[in-house]
Amino acid sequence: MAKKLNRQVICDVLIEKGREDKDIMVLCSDSSGSSSMTAFHKELPDQFIEVGIAEQNLVTISAGLASCGKKPFAVSPASFLSTRSMEQVKVDVGYSGTNVKLVGVSGGVSYGALGLTHHSVNDFATMGSNPGIRVYCPSDPVQTEKLTRALLEDEKGAYIRVGRYPSEYIYEEDVPFELNKAMKIREGKDAAIIACGEMVPYAVKAAELLAEEGIDASVIDMYCIKPIDREAVLEATKTGVIVTAEEHVAFGGLGSLVSQIVAEVGGAKVGSITLPDAPVIAGEQWEVFDYYGMNAEGIAKTVKEMLAK
Amino acid sequence: MTNQELQRKANELRVDILRMIYKAKTGHIGGDNSIIDMITALYFKHMNISPKQWEEKDPNRDRFVLSKGHAVEALYAALGDRGFFDKEEMIETFSQFGSPYIGHANNHVAGIDLNSGSLGHGLSLAVGMALAGKKDGRDYKVYCVMGDGEVAEGSVWEGAMAAGHYKLNNLIGIVDRNRQQISGTTEEVMTQDSQEERWAAFGWHVISIDGNDMDAVDAALTAAKEVKDRPVAIIANTVKGKGISFMENVASWHHGVPKEEQYEQAMAELQALLAD
Ligand SMILES: Cc1ncc(C[n+]2csc(CCOP(=O)(O)OP(=O)(O)O)c2C)c(N)n1
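Line order of the protein sequences matches chains A and B.
Residues in the first sequence are numbered consecutively from 1, following my numbering.
Residues in the second sequence are numbered consecutively from 1, following my numbering.
If you are wondering where the hints come from, they were derived from the structure by calculation, not from laboratory data.
Each hint can be trusted.
The calculated DSBU-like cross-link candidates involving lysine-lysine, where the alpha carbons are at most 30 Å apart (straight line), are:
| hint | chain 1 | residue 1 | chain 2 | residue 2 |
| --- | --- | --- | --- | --- |
| 1 | A | K4 | B | K25 |
| 2 | A | K181 | A | K205 |
| 3 | A | K4 | B | K259 |
Simulated restraints on C-beta separations:
| hint | chain 1 | residue 1 | chain 2 | residue 2 | range |
| --- | --- | --- | --- | --- | --- |
| 4 | A | P166 | B | D210 | 41 to 47 Å |
| 5 | A | P131 | B | G154 | 22 to 28 Å |
| 6 | B | N107 | A | P166 | 29 to 35 Å |
| 7 | A | G132 | B | D139 | 49 to 55 Å |
| 8 | B | A268 | A | P166 | 31 to 37 Å |
| 9 | A | Y291 | B | E187 | 42 to 48 Å |
Glycine included, every Cβ here is placed at the ideal spot set by N, Cα and C.
Construct all of the structure, not just a fragment, from the sequences and the given hints.
What follows is the structure, given as structure tokens:
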């Protein structure tokens, strides 16, 4: 199956749009290689700013630029961007309402055996808890492209988390996309799987496994963690069983946000697949996923357990 | 150990580092090899630290913080060689599934007090350790190794300010001035010239040396311990990738992994150093 780096997709869109709009800028913190922004730097050197290893500076310089009409994208590993720069995001982007797009690359546990310092296991919670900051975690290259284009159209802060490795194509080029509307990949009446980011391909496979056993599960791609698509969650409650899957800890993640909505209306049980509340075991991202049951089999198993409850 | 013996030990550890990274297909070989001479001098001569002291939690032992935590291969090699753990087992399992020997300094490993890997934390940790030594009336020293790209983090200078303010004469900061980071040279990415003046301005005694020359490293550490009234910054002017010709001063060897032929060549070069 064809694959592409979502961070490369973001860079491609920014180069294309940046040629027409000189206010579009990219800022990096010794991170241009790891975030696939080297091509932007090369193509549009006047629209690129390197700040060195200084993530706080990265975000606040971006906010200063934005206040003067620039459209900065601050791009750095998700781990450092979402924690080291937390107060800068809270005050200078969220509170001041500046148009800074924060792109966290190599998110989740994709840095593997480099350890917890490099993992971003709580970035939905930290970034999303800031008033004024939206949070997105796209799954495939097509969705990433449409999301980037949509975010270029508005003037508010947002955090976008992408992974480290190439993503499988899930969608066709012409798939309908509306910002902040979840994308339904599969219809199903027995259960609903709500996933985001790297978990989406596993959710699709889980639904296939379940179908073999006669269980009809829908799959919803909730790339918009905040604002979450409430309608899509309410619709999912109709199946009676919802299972969420995310590369994030339980606290403040997709599962907890979905549960909060379901708790208002009732009608469904919610199971969630998350990272543990502990530094994850050393290993490559897929080894970590397998170890914690964050894969197709694990999702399918949880759906069956929830159906049996 | 004589300086010649220390130099030989450093080169032996370069072999361990190369083996670890080649086997695991991950690691930060450039920044390991710029600082391994300093780490060797510390662990095999200057620091008061041993596996026994570690096991017995000796409160008077020296403390070491690898703030540039990605150079962990250099630290694991030194600790393993000093017998803090089984070195061969470490080389075999480095960065493998379930291993405690992950790709940044972490305190599940014997000999390591605190975690690092997110740059810009180490100096403040070291300030805390040095302050504790003062409060408890102990005369241990605290050593902290930083990268010259890392010092772009503002937090480093908050630590530097506090150390100067409290005149922490038990703290020795070491800047691995290899003039390289990930994206290129420090001067291209974010200028770090005049390190000497910068540290001095924060109230530190500054010693600037060739950090890959064992005589200079040994003399600097000896002198640093004699400074009575303030923290000491050793600006170790080094070569990133030192010891393996094709890696020296090449930015892509920050976290490059040698291919088979490159591994053979690198090993041959290190063996030649050891044969001298
Ligand atoms: C807070 C933080 N930001 C970014 C990184 C990613 N990173 C790891 S090593 C490195 C370059 C370090 O350069 P330098 O400090 O000069 O170390 P050396 O060249 O000696 O390896 C960067 C940016 C990190 N580990 N921590």
